[in-house]
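Protein chains: 2
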Amino acid sequence: MTYCVGMRLDKGLVFMSDTRTNSGVDNVFTFRKMFTWSKPGDRVITLMTAGNLGTTQAVVSLLDERMKVPEERKPSILEVPTMFQVAKLVGDTLKETVATQSGTAPTANSTFSATIIVGGQIAGSEPRLFLIYPEGNFIEATDENPYFQIGEAKYGRPILLRGYDRTMDFEAAVKLILLSFDSTLKANLSVGMPLDLLAYEADSLSVEHEKRFEKDDAYFAGLSEAWGDALRSGMHSLPDFEF
Amino acid sequence: MTYCVGMRLDKGLVFMSDTRTNSGVDNVFTFRKMFTWSKPGDRVITLMTAGNLGTTQAVVSLLDERMKVPEERKPSILEVPTMFQVAKLVGDTLKETVATQSGTAPTANSTFSATIIVGGQIAGSEPRLFLIYPEGNFIEATDENPYFQIGEAKYGRPILLRGYDRTMDFEAAVKLILLSFDSTLKANLSVGMPLDLLAYEADSLSVEHEKRFEKDDAYFAGLSEAWGDALRSGMHSLPDFEF
Chain A
-15 MTYCVGMRLD
-5 KGLVFMSDTR
5 TNSGVDNVFT
15 FRKMFTWSKP
25 GDRVITLMTA
35 GNLGTTQAVV
45 SLLDERMKVP
55 EERKPSILEV
65 PTMFQVAKLV
75 GDTLKETVAT
85 QSGTAPTANS
95 TFSATIIVGG
105 QIAGSEPRLF
115 LIYPEGNFIE
125 ATDENPYFQI
135 GEAKYGRPIL
145 LRGYDRTMDF
155 EAAVKLILLS
165 FDSTLKANLS
175 VGMPLDLLAY
185 EADSLSVEHE
195 KRFEKDDAYF
205 AGLSEAWGDA
215 LRSGMHSLPD
225 FEF
Chain B
-15 MTYCVGMRLD
-5 KGLVFMSDTR
5 TNSGVDNVFT
15 FRKMFTWSKP
25 GDRVITLMTA
35 GNLGTTQAVV
45 SLLDERMKVP
55 EERKPSILEV
65 PTMFQVAKLV
75 GDTLKETVAT
85 QSGTAPTANS
95 TFSATIIVGG
105 QIAGSEPRLF
115 LIYPEGNFIE
125 ATDENPYFQI
135 GEAKYGRPIL
145 LRGYDRTMDF
155 EAAVKLILLS
165 FDSTLKANLS
175 VGMPLDLLAY
185 EADSLSVEHE
195 KRFEKDDAYF
205 AGLSEAWGDA
215 LRSGMHSLPD
225 FEF
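Heads up: the sequence lines are chains A and B, in that order. Count the first sequence with the working numbering and you get residues -15 to 227, in order. Count the second sequence with the working numbering and you get residues -15 to 227, in order.
It should be emphasised that the hints constitute simulated quantities derived from the structure, not laboratory data. Everything numeric in this text was worked out from a predicted model, so none of it was measured. Misleading hints may appear alongside valid ones.
Below are the SDA-like pairs computed for lysine to any residue, each with C-alpha atoms no more than 25 Å apart in a straight line [to be verified]:
no.	chain 1	residue 1	chain 2	residue 2
1	B	K(-5)	A	R216
2	B	K79	B	G108
3	B	K72	B	T126
4	B	K195	B	S208
5	A	K170	A	R216
6	A	K(-5)	B	K199
7	A	K199	B	L145
8	A	K195	A	P24
9	B	K170	A	E128
10	A	K(-5)	B	E226
11	B	K170	A	L222
12	B	K199	A	G212
13	B	K170	A	A125
14	B	K(-5)	A	L222
15	B	K72	B	S86
16	A	K199	B	L222
17	B	K23	B	E55
18	A	K170	B	K199
19	A	K195	A	L144
20	A	K170	B	T126
21	A	K170	A	E128
22	B	K(-5)	A	L144
23	B	K199	A	M219
24	B	K170	A	N129
Take these sequences, add in the hints, and give me the full structure.
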């Protein structure tokens, strides 16, 4: 399983993903699920994946044009003129990959499905954020639905519903998303550290805030503990039920 | 969908269930999912159901011996000597009901599966709490796993993981479980008010604390709002992330 959150704020976009993949409980690996393409001054595009690892790695490789030798690669994702076309390109690549893998699989029982969050900004337009379905179609984040979750989304959803505010700064947004991850990590073994973070500042057209939270990250560990205490004391402060 | 929580405390047992059933989004009904059998001084047994409504209603009817005319009914659930036998009786009834309904269904696409939480106390033993699977087998709550959730369990799990304490009194436990329901109700349309509550005090061998929280329950509405505020102020009190 996987957990990724992509969030739209007035300040820009925030992306966070875990790195655990598993096929059963005894095949557990760490794989990056967040990928960024950038041309400083022109565009920054970040993509996060959930689902079949064979599918998602193939999609990223195709977007990277790894079929070509390195010097001939000119990834379309760095050429197309709008974020809408980026979403369409990713959607088409995903759809074709799922179709190809499903069609040629002789015996696999698992599905080749995957879901992708992609967002970023291309010079001349606003930052935009999309959720892409395995069928290749997609939806865009709006003021009413300003964030997307993929993978194991339920445990971490209540705190996002409660805590999101479009005017929040990156520091508060990262804290909120880390709390959402903390709830998920506590409840589901198949979501695991380290966590990858990228915060994209609107109109910067460059990657300035990137970080990997390792297993022993002091801020995250402290946050998790302080949050447990805050929840308990918050609960105590509420009026008890009376029969 | 459904959401039910059964919890074991030093003080006794607490049960809470929602009442919404739906088959698609335009067939939404209110049905009781919590059922209690009691013989004051001898036993109190409470059961909560999740899954196919035809299955769960059949199980409850069979346990009630509704095949017989009212004056001839002597439900075994009121006669068997231990809670373990109660769990076995419920499990066998559930397994047979699922098997019968599956076997005779000509065209139904839906499954007839269901899951049950049953708990209570019979004079001479401790209060006990069980989770019963559609296959008829079951597990018992222990100190390590002191509560069970059935139905739409994920949204409401993080707060239970954080807030549970076996020494808590009923007032605090009901508050905790209501918060777990609040997170679930906010995230999933198929779980809905009213909520049924039963708190069973160990060794009382009678039903003393029962309540239905209606849609407009003032305590629950106030709790939900105060909890939103407490979460936000708890979050603000935590150290912000710094890049």
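Verification of the hints:
no.: 1; hint: B:K(-5) x A:R216; verdict: holds, 20 Å
no.: 2; hint: B:K79 x B:G108; verdict: violated, 28 Å
no.: 3; hint: B:K72 x B:T126; verdict: holds, 18 Å
no.: 4; hint: B:K195 x B:S208; verdict: holds, 18 Å
no.: 5; hint: A:K170 x A:R216; verdict: holds, 16 Å
no.: 6; hint: A:K(-5) x B:K199; verdict: violated, 38 Å
no.: 7; hint: A:K199 x B:L145; verdict: holds, 21 Å
no.: 8; hint: A:K195 x A:P24; verdict: holds, 19 Å
no.: 9; hint: B:K170 x A:E128; verdict: holds, 15 Å
no.: 10; hint: A:K(-5) x B:E226; verdict: holds, 16 Å
no.: 11; hint: B:K170 x A:L222; verdict: holds, 19 Å
no.: 12; hint: B:K199 x A:G212; verdict: violated, 30 Å
no.: 13; hint: B:K170 x A:A125; verdict: holds, 20 Å
no.: 14; hint: B:K(-5) x A:L222; verdict: holds, 21 Å
no.: 15; hint: B:K72 x B:S86; verdict: holds, 21 Å
no.: 16; hint: A:K199 x B:L222; verdict: holds, 20 Å
no.: 17; hint: B:K23 x B:E55; verdict: holds, 17 Å
no.: 18; hint: A:K170 x B:K199; verdict: violated, 31 Å
no.: 19; hint: A:K195 x A:L144; verdict: holds, 21 Å
no.: 20; hint: A:K170 x B:T126; verdict: holds, 19 Å
no.: 21; hint: A:K170 x A:E128; verdict: violated, 28 Å
no.: 22; hint: B:K(-5) x A:L144; verdict: violated, 34 Å
no.: 23; hint: B:K199 x A:M219; verdict: holds, 22 Å
no.: 24; hint: B:K170 x A:N129; verdict: holds, 15 Å
Checked against the numbered hints above, the structure breaks hints 2, 6, 12, 18, 21, 22 and satisfies the rest.
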